[in-house]
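Chains as they are written, first to last, in our numbering: chain D, 1 to 242; chain B, 1 to 378; chain L, 1 to 94.
Simulated from the structure, these hints should not be mistaken for lab results.
All of these numbers come straight from a predicted model, not from anything done at the bench.
Hints are not guaranteed to be accurate.
[Stated by the list, open to error] PhoX-like mimics (lysine-lysine), calculated; alpha carbons at most 20 Å apart, straight line:
hint, chain 1, residue 1, chain 2, residue 2
1, B, K211, D, K111
2, B, K95, B, K23
3, B, K211, B, K25
4, B, K224, B, K211
5, B, K25, B, K51
6, B, K25, D, K111
7, B, K51, B, K224
8, L, K34, B, K51
9, D, K203, D, K139
Take a look at the letters that make up each chain.
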Amino acid sequence: MIELSGITKTFNSGQPNQFTAVNNVSFAIEPQRITVLKGPSGSGKTSLLAIIGCMARPTTGRIFLHGVAAALPFRAEGSDSVEITGLPERFLNEIRRSTFGFIFQQFNLVKGISVLENVMLPAYPTGEARTDFRARAVKLLEQFDIARHAGQRTELLSGGELQRVAIVRALINNPSIIIADEPTAHLDSRLSHDFMSIVDQLKGEGKTLLIASHDPVVCDSAVVDTLVDLRDGAVVQSRGPL
Amino acid sequence: MNRSIERHLNILDFTLASLLRRKGKNGSLLAVYLLVVFLLASLQFYVTALKREASAILDDAPDLVVQRLMAGRQDLVPAAFVGEISRIRGVTRVKPRWWGYYYDSVNGANYTVLVSDDPAVTPGRVAVGAGVARARNLAVGDLVPLVSYDKKPLMVEIASIFPHRSDLVAADMILMTAQDFHLLFNFPDGQATDLAVSVRNPKELPTVAAKIVALHPDARPILKSEMLRTYQSIFDWRGGMTLMVLASALLSFIIFAWDRATGLSAEERREIGILKSIGWETSDVLLLKLWEGTVISLTAYLLGTVLAYGHVFFLSAPLFAQALKGWSVIYPRFQLVPVVDIYQLAVLFFLTVVPYTTATVVPCWRAATTDPDAAMRI
Amino acid sequence: MRRSVQFLLFICTSMALFLALPLHAQYEQRHAQKEPEVLRNLQVTDLCLVTEARYTRHPALADRHAPFQEHPLALEHFPSGSLIMPNNFQGAAP
Numbered sequence: 001m002i003e004l005s006g007i008t009k010t011f012n013s014g015q016p017n018q019f020t021a022v023n024n025v026s027f028a029i030e031p032q033r034i035t036v037l038k039g040p041s042g043s044g045k046t047s048l049l050a051i052i053g054c055m056a057r058p059t060t061g062r063i064f065l066h067g068v069a070a071a072l073p074f075r076a077e078g079s080d081s082v083e084i085t086g087l088p089e090r091f092l093n094e095i096r097r098s099t100f101g102f103i104f105q106q107f108n109l110v111k112g113i114s115v116l117e118n119v120m121l122p123a124y125p126t127g128e129a130r131t132d133f134r135a136r137a138v139k140l141l142e143q144f145d146i147a148r149h150a151g152q153r154t155e156l157l158s159g160g161e162l163q164r165v166a167i168v169r170a171l172i173n174n175p176s177i178i179i180a181d182e183p184t185a186h187l188d189s190r191l192s193h194d195f196m197s198i199v200d201q202l203k204g205e206g207k208t209l210l211i212a213s214h215d216p217v218v219c220d221s222a223v224v225d226t227l228v229d230l231r232d233g234a235v236v237q238s239r240g241p242l
Numbered sequence: 001m002n003r004s005i006e007r008h009l010n011i012l013d014f015t016l017a018s019l020l021r022r023k024g025k026n027g028s029l030l031a032v033y034l035l036v037v038f039l040l041a042s043l044q045f046y047v048t049a050l051k052r053e054a055s056a057i058l059d060d061a062p063d064l065v066v067q068r069l070m071a072g073r074q075d076l077v078p079a080a081f082v083g084e085i086s087r088i089r090g091v092t093r094v095k096p097r098w099w100g101y102y103y104d105s106v107n108g109a110n111y112t113v114l115v116s117d118d119p120a121v122t123p124g125r126v127a128v129g130a131g132v133a134r135a136r137n138l139a140v141g142d143l144v145p146l147v148s149y150d151k152k153p154l155m156v157e158i159a160s161i162f163p164h165r166s167d168l169v170a171a172d173m174i175l176m177t178a179q180d181f182h183l184l185f186n187f188p189d190g191q192a193t194d195l196a197v198s199v200r201n202p203k204e205l206p207t208v209a210a211k212i213v214a215l216h217p218d219a220r221p222i223l224k225s226e227m228l229r230t231y232q233s234i235f236d237w238r239g240g241m242t243l244m245v246l247a248s249a250l251l252s253f254i255i256f257a258w259d260r261a262t263g264l265s266a267e268e269r270r271e272i273g274i275l276k277s278i279g280w281e282t283s284d285v286l287l288l289k290l291w292e293g294t295v296i297s298l299t300a301y302l303l304g305t306v307l308a309y310g311h312v313f314f315l316s317a318p319l320f321a322q323a324l325k326g327w328s329v330i331y332p333r334f335q336l337v338p339v340v341d342i343y344q345l346a347v348l349f350f351l352t353v354v355p356y357t358t359a360t361v362v363p364c365w366r367a368a369t370t371d372p373d374a375a376m377r378i
Numbered sequence: 001m002r003r004s005v006q007f008l009l010f011i012c013t014s015m016a017l018f019l020a021l022p023l024h025a026q027y028e029q030r031h032a033q034k035e036p037e038v039l040r041n042l043q044v045t046d047l048c049l050v051t052e053a054r055y056t057r058h059p060a061l062a063d064r065h066a067p068f069q070e071h072p073l074a075l076e077h078f079p080s081g082s083l084i085m086p087n088n089f090q091g092a093a094p
């Protein structure tokens, strides 16, 4: 579980263009559930995702990760919780790499290399043997029915296929939490529904999913467990267990 | 340890894939770099080897050569000088030498003609260098007419031809007896071209030279150390050929290292942003760039140096041959004895590999240290 | 074989060749043949590199006026003349 307590993110603090992207947000993200952050553009969804995903630090507030993998060396003895807000950079990187997988709005795939290479990229700096993560990548590509495109460059794929490549890449290091930022922004409604089916499938495999979206196909989907409504950086409403 | 090695191999795999993605650009970069290293290393090997050959020759050279000047031009040395110089304290031997240049109108070549007391060289029989034999298509036993200064032909028979490995010393030489030499050049009796002086204590050479000049103000003594200095300076980096090659090579290198150093393209920056966003740390990105710089520079340096060695010591440096040959009809076909100066190779390494690799890594520092959340907004 | 291993093998081979260069040079130097006796007795002072003119053929013995003796306008033999610096004699007139 991820527990947020009083998270605030302010940009350009003390300057005339000071801007608060996230304002005193507190809620919990249940494990093995699908949580959606709903809100229009500028409501602070992306900033909040970045903070939860250990990509950025909040200005104030705390975040706890409960039920964390045993391998992390900075976890307190006898406890399975870590407060990530105060951790040094290298530990944050460690957590980000081992715990989170990201699906970006623009997919963020590298041009000019194959689908397989793109998918394996997050595993390169981990020091894992290439044969191991390559086998895992091929298996995942087969699972998501894009193995036939493994050798192709990403520029030649359709929107839906790119979406699935991005999902496979997010799964390559076997993270427990998947974060997706506006995953259906470039998809039609049929593909958006397909995406939600995949999300449900991942939940069935034991993953925790956190999705930021203002797409009704996502927000109103029956598979969503918790919906958190954000407006101007603050939680205005939530449905589901908090 | 294993994880560390795997990490390096994985990142190197990606580096190579990235480089191969832009085959044209990286291929030409490598080619230019290799050419620069090749030229600089060739020059280094060539110059060092020639300096060594010159030192070897000068081992046998006389301690002092005495010439005579007449109104600023070199003139013949009277035999009387021999006795006078022999009496100077410290001088052990004074040997008159007869030598000069013969212009062959048949092929426009200049030969160096010397008098030798070698038993193989007898009146009417000469020993020639391989260059002379090549220029006139001669074999042992052939008869060659030389035109003497009183227009009479001097027929000489080729007694022997020096092997071509002696070309650096004797390619253009004709050795003959004193009698033939005097006939060929109508050389006046009682004169010599110059004097070869041997001295007991080499430290006294400047003193002996000063005494010679005091005895004969028209004499011009040349010390062995001065002869050696000639060859040290001929191919010095301040000299013509070396400076020109060095300057153009370094200039092209600076231009293309500058191109690398002036920053990343938008595409490269985006790619680094993506890598940061999917879990690559700053150190991973910098390692990627380090490998990128190292792959190109190390390949160019190693290949360039090895090829340069082959160019100079196996192919006799055909690229430089043209620069030296000029109008010469006779050009020695020499095979230089390989000389490798480790210090100079190390300098070449630090002048080429280190700056290029630095120029690849440093510009991406900023992009590599960007917060990963910036990549969320790519 | 993965690309990184191929590249490393290539670099190792190149490195081996590179390190063999000084060894080859030492071997050649040890086995270099000396000049024939007759040539050593001549006590020559210059390498036979450029035979165009006396100051390019015998730069160790050439004086500063030697190039001027070639031509009234002292047109230099190119490029060899530009490569051969005039010597700096201590003892006597240049």
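Hint check results:
Distance restraint check for B:K211 and D:K111: the Cα-Cα separation of roughly 82 Å exceeds the 20 Å cut-off, and the hinted pair is therefore not satisfied. As the CA atoms of B:K95 and B:K23 are separated by approximately 67 Å, the hinted pair breaks the 20 Å bound. In summary, the hint linking B:K211 to B:K25 is not supported, as the alpha carbons are separated by about 67 Å, beyond the 20 Å threshold. Only pairs whose Cα atoms come within 20 Å are accepted, and B:K224 paired with B:K211 is accepted, the gap being roughly 16 Å.
Our distance criterion of 20 Å between C-alpha atoms is broken by B:K25 and B:K51, whose separation comes to about 39 Å. Straight-line distance between C-alpha atoms of B:K25 and D:K111 comes to about 17 Å, which keeps the hinted pair within the 20 Å bound. Taken as a hint, the B:K51 and B:K224 pair is honoured in the structure, with Cα atoms around 15 Å apart against an allowance of 20 Å. Straight-line distance between C-alpha atoms of L:K34 and B:K51 comes to about 16 Å, which keeps the hinted pair within the 20 Å bound.
A distance of roughly 18 Å separates the Cα atoms of D:K203 and D:K139; the hinted pair therefore holds under the 20 Å criterion.
In the structure shown, a violation is registered for the earlier hints numbered 1, 2, 3 and 5, in ascending order.
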